[in-house]
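Student: Sequence:
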Amino acid sequence: MSFRGFFKFALLAAHIVVGIASPLDSRASEELVQTPAGLMPKSNVHAVPDGARVHQSPTEVQIIAANGTVLHSVPYTSSKFAGALPKPIPAGTSRRDLQSGYIAYAYWQNTASSPISFLGSNWNVPPTPASWDNQLLYWWNGLVPIDFSGGILQPVLQYGISPAGGGEYYSIASWWLTGTDVFHTGVTQVSPGTFLQGQISLTGTSTSGGVTTYSYSCTFVGYPSTTITASTTVVLNWAYEALEIYGATQISDLPTGNTEFSTIELTLQNGQHPSSLGWTPISDPTDGISMSVLSTSATNGALLISY
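Here the sequence shown stands for residues -21 to -1, 1 to 286, where the numbers follow mature numbering (1 follows the signal peptide of the UniProt record, and there is no 0).
Just so you know, the hints here were simulated from the structure itself, not pulled from any lab data. Accuracy of the hints is not assured; some may be wrong.
Stated by the list, open to error - Derived Cβ-Cβ restraints for the label pairs, each shown as a range: (1) 230 to 188: 19 to 29 Å; (2) 36 to 271: 19 to 29 Å; (3) 10 to 110: 21 to 31 Å; (4) 110 to 49: 42 to 52 Å; (5) 112 to 186: 46 to 56 Å; (6) 52 to 88: 30 to 40 Å; (7) 183 to 229: 28 to 38 Å; (8) 252 to 22: 38 to 48 Å; (9) 251 to 200: 40 to 50 Å; (10) 113 to 191: 26 to 36 Å; (11) 26 to 173: 29 to 39 Å; (12) 229 to 28: 18 to 28 Å.
Glycine included, each C-beta is placed from N, C-alpha and C at the ideal position.
Given the sequences, and given the hints that come with them, work out the whole structure.
Tutor: Here it is, written out as structure tokens:
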């Protein structure tokens, strides 16, 4: 891959590491919160009630209740971005502080004419970190728009306190960044060793007035309260598996050992699987945290995070 080509593939991660420019610039005085989709103004982060769905049209994003009532509406602004992937951001001034942001991740682009219709990954909740320093850790698999137009749909395991809730424990929720706003379910507490199945499905497509809408569902299997139903005018054709770290001051703020994203399955809308998933892994050699590819299979793939 060329140097220029690598920068193109790394654009999404750059965007999320440094935050979305437009909401941060326009609300510089507002409190910022750390979401799995980057640093966001607090007012741009919205809880989605059980049974509601999020609908993005070319002009607005709505939270719609099961009975059709519009609960919340914000203007839709595409947040396209440019720039190379920066180095991880130092978490503080101490020499022992760990780097912050997207620390270990892998990505793959679907270039087929048929969009991704399913991405599933399994992993176990890691051991509890030995230290608590108000760190916030995120593990997730996710799908991203083909044109990098500021979107990401992700079932997320977290350790710590996020805008969705949490504490000095592990919890799970689903998140959806679209435009310059982030939507999330409530969190459900889970214990170390719990087996998780994070899944994203394309449930249907429709076209009206020349605009195609893609409907997705994102969830942890067996935890219905973590389900987000989202419809969007952009197709999600990049797959990601990632670890994010914020506020960690020492290696004991992380779990020990390894976390394996296993049984990775990716299916296209035509029912076929890619011949292989050529993941591009990114690691943090400074802190000894790595992402490695164990299998490129599209039906039983595997990636490994080592701490």
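Student: So, against the hints stated earlier in the document, which numbers end up violated here?
Tutor: Result: hints 1, 2, 7, 9, 10, 11 and 12 break, sorted rising.
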